[in-house]
Amino acid sequence: MNLHALTLHEAAEKLRKHEFSSQELTDSVFHRITQTDDKIHAYLTLCRDAALNQAKKADQRLRQGNNPPPLLGVPIAIKDNFLTCDIQTTCASKILGRFIPPYDATTIKKLRADGAVFIGKTNLDEFAMGSSAENSAFFPTCNPWNIERVPGGSSGGSAAAVAADQCLAALGTDTGGSIRQPAACCGIVGLKPTYGRVSRYGIIAFASSMDQVGPMTKDVEDCALLLEAVAGYDSADSTSVNRPVPHYTDAFTGNIKGLRLGIPKEYFVSGMQPEIDRAVRDAIRLLEANGARIEEITLPHTEYAIAVYYIVATAEASSNLSRYDGMRYGHRAPAADLIETYMRSREEGFGPEVKRRIILGTYVLSAGYYDAYYLKAQRARRLIKKDFDDAFHGCDAIVTPTAPTTAFKIGEKTQDPLQMYLSDIYTISVNLAGLPALSLPCGFDATGLPIGLQIIGQPFDEATILRVAYAYEQSTPWHKEKPGL
Amino acid sequence: MKLTREDVQRVATLARLRLTPQEETSLTAQLDSILLYMDKLNELDTAQVEPFTHAVDLVNAFREDLVTNRPNTEALLANAPEKDATFFKVPKIIE
Numbered sequence: 441m442n443l444h445a446l447t448l449h450e451a452a453e454k455l456r457k458h459e460f461s462s463q464e465l466t467d468s469v470f471h472r473i474t475q476t477d478d479k480i481h482a483y484l485t486l487c488r489d490a491a492l493n494q495a496k497k498a499d500q501r502l503r504q505g506n507n508p509p510p511l512l513g514v515p516i517a518i519k520d521n522f523l524t525c526d527i528q529t530t531c532a533s534k535i536l537g538r539f540i541p542p543y544d545a546t547t548i549k550k551l552r553a554d555g556a557v558f559i560g561k562t563n564l565d566e567f568a569m570g571s572s573a574e575n576s577a578f579f580p581t582c583n584p585w586n587i588e589r590v591p592g593g594s595s596g597g598s599a600a601a602v603a604a605d606q607c608l609a610a611l612g613t614d615t616g617g618s619i620r621q622p623a624a625c626c627g628i629v630g631l632k633p634t635y636g637r638v639s640r641y642g643i644i645a646f647a648s649s650m651d652q653v654g655p656m657t658k659d660v661e662d663c664a665l666l667l668e669a670v671a672g673y674d675s676a677d678s679t680s681v682n683r684p685v686p687h688y689t690d691a692f693t694g695n696i697k698g699l700r701l702g703i704p705k706e707y708f709v710s711g712m713q714p715e716i717d718r719a720v721r722d723a724i725r726l727l728e729a730n731g732a733r734i735e736e737i738t739l740p741h742t743e744y745a746i747a748v749y750y751i752v753a754t755a756e757a758s759s760n761l762s763r764y765d766g767m768r769y770g771h772r773a774p775a776a777d778l779i780e781t782y783m784r785s786r787e788e789g790f791g792p793e794v795k796r797r798i799i800l801g802t803y804v805l806s807a808g809y810y811d812a813y814y815l816k817a818q819r820a821r822r823l824i825k826k827d828f829d830d831a832f833h834g835c836d837a838i839v840t841p842t843a844p845t846t847a848f849k850i851g852e853k854t855q856d857p858l859q860m861y862l863s864d865i866y867t868i869s870v871n872l873a874g875l876p877a878l879s880l881p882c883g884f885d886a887t888g889l890p891i892g893l894q895i896i897g898q899p900f901d902e903a904t905i906l907r908v909a910y911a912y913e914q915s916t917p918w919h920k921e922k923p924g925l
Numbered sequence: 011m012k013l014t015r016e017d018v019q020r021v022a023t024l025a026r027l028r029l030t031p032q033e034e035t036s037l038t039a040q041l042d043s044i045l046l047y048m049d050k051l052n053e054l055d056t057a058q059v060e061p062f063t064h065a066v067d068l069v070n071a072f073r074e075d076l077v078t079n080r081p082n083t084e085a086l087l088a089n090a091p092e093k094d095a096t097f098f099k100v101p102k103i104i105e
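For the record, the sequence lines run as chains L and P. One rule links them: number in the working numbering = place in the first sequence (from 1) + 440. One rule links them: number in the working numbering = place in the second sequence (from 1) + 10.
Accuracy of the hints is not assured; some may be wrong.
Straight-line C-alpha distance at most 25 Å; calculated SDA-like pairs for lysine to any residue [unchecked claim]:
1) K93/P with H471/L
2) K825/L with R73/P
3) K12/P with A807/L
4) K99/P with A773/L
5) K12/P with A812/L
6) K479/L with K550/L
7) K102/P with H771/L
8) K50/P with E60/P
9) K99/P with K697/L
10) K534/L with K93/P
11) K550/L with R73/P
12) K534/L with E84/P
13) K457/L with K534/L
14) K825/L with Y47/P
15) K920/L with H471/L
16) K102/P with E787/L
17) K826/L with K12/P
18) K826/L with D901/L
19) K550/L with A71/P
20) K697/L with D901/L
21) K99/P with N89/P
22) K99/P with L815/L
I should point out that these hints are in silico values taken from the structure, not numbers from a laboratory.
Based on the provided sequences and hints, a complete structural model is requested.
Right, here's the structure in full:
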């Protein structure tokens, strides 16, 4: 048995039955990484010794029994924008130098307490800014389904690692689609929770009004288990919301009879790859055959979402990234005086996309332009949120494509930032409105690249979108397909 | 033109970011086309729309002002680019 190929829930069950140990499982994952990561480049840092030590401790706990948490002894990959105590954290940027965090993000602390095994830190677009993982300061990650293609981004390393069985599940972050779009590109499940559902404490900030942590997994049940493990109130995150975390798998009846699913007409427009249009429409028909009621809905301000997002997100980013000044940690360039030190350290430390966004964000916030761009965008953002509020009067969840194309070629869009931004066209409205949404596999294009189906929910109703996703997954074979590596 | 090279230079100084002449050229062109795309928002009449600041309705999160993390000087200085005993060493700030 290839232990690394198991899902999280399969492995958890077998670990409890002592069919194998966490150390054997962890060994199998590292063996798989050795065999495949010279092609995929999913990991920036591997923590083999610490992981085997965690596995050993997990095995002791597993022997004691006492109803262990599902994550106990399970190998997990972590996007390299989570602070991990004593494990180097780069955010795929040179500005952090050889930064080793002195503390854990809240989500990491929770997984540690559950006894999860941390395999390593995965690659991303620098500061999570990008849709292809090509903006990493170190190297691009390749898509396990076709290594000439991008894995999507920014959580491209986590998505590729899950798809390539280089971990059992992974954590990502999503500010404009950074969990869902790579999940679609790599044929896995990825969920962005409601803003406030999961603590942001210890996540390297990109756009604070939209950043959320979420699970990236091999199937929907794993997604529910990992979400449950990381969700919940945290007094260290002032925008964390104090609401109980449900047992998401309780909703997994497979029954979606009478559930109203909204299909926004604005999401089915020219420019979408025809195979994606077909696959998503087939998925909608299947959901209808399973008893869901399909309602056409309208989200009239959809076409403004990208403009709003790239004003708000860059404004917040320019402010968040002002902390990288080379004084207390990170890269410092030698220079004649203080101002020169700031200017040179930041010049050498940041890559092209990050510089682009800092300049754009500073511009839209600067005197004389604030009203025309930032304030205008914040007003338009309310209209986008209101579209969803209105739509949810007539439906319980919304079904759309996750991305307008399947994984594109490495290098295809790096020269045209606006084209790259358009990769997020179906995902970013959800972040602007703070809603939960997941992507799961719904087919393949003619060249064998995975296609993603997005399900958007009402605030704090992750349970419904997981329930719909589970019902769909139960009647389709897509999640069982593996890339030939 | 929405944006000139001088705009980019001015904003780069505000952002404490040194750009090379080549970066100034390419950023001016790229940001100009991005800002042109953003003009799309002017199609919307937003005069009566309140700006949106939070995705979730929240009240201020107050707590007692208590120290919950023990300061660990060694750990905090471990990542310092330069240090001197128990201090961060930085370039001269006041002439």
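Hints, verified against the model:
1. K93/P with H471/L: At roughly 41 Å apart (the allowed maximum being 25 Å), H471/L and K93/P break the hint.
2. K825/L with R73/P: Violated, at about 30 Å.
3. K12/P with A807/L: holds, 15 Å
4. K99/P with A773/L: holds, 14 Å
5. K12/P with A812/L: holds, 12 Å
6. K479/L with K550/L: violated, 32 Å
7. K102/P with H771/L: holds, 18 Å
8. K50/P with E60/P: holds, 19 Å
9. K99/P with K697/L: violated, 65 Å
10. K534/L with K93/P: Judged against 25 Å, a Cα distance of about 20 Å means the pair holds.
11. K550/L with R73/P: Satisfied, since the Cα-Cα distance of roughly 22 Å is no more than 25 Å.
12. K534/L with E84/P: holds, 23 Å
13. K457/L with K534/L: violated, 45 Å
14. K825/L with Y47/P: Holds - the C-alpha atoms of Y47/P and K825/L are around 21 Å apart, at most 25 Å.
15. K920/L with H471/L: At roughly 21 Å apart (the allowed maximum being 25 Å), H471/L and K920/L satisfy the hint.
16. K102/P with E787/L: Between K102/P and E787/L the Cα gap is close to 20 Å, so the pair holds against 25 Å.
17. K826/L with K12/P: violated, 30 Å
18. K826/L with D901/L: Answer holds: K826/L to D901/L is near 17 Å, not above 25 Å.
19. K550/L with A71/P: Holds: K550/L and A71/P sit about 22 Å apart, inside 25 Å.
20. K697/L with D901/L: holds, 17 Å
21. K99/P with N89/P: Between K99/P and N89/P the Cα gap is close to 12 Å, so the pair holds against 25 Å.
22. K99/P with L815/L: Status violated; Cα separation ~39 Å.
Consistency note: the structure conflicts with the earlier hints numbered 1, 2, 6, 9, 13, 17, 22.
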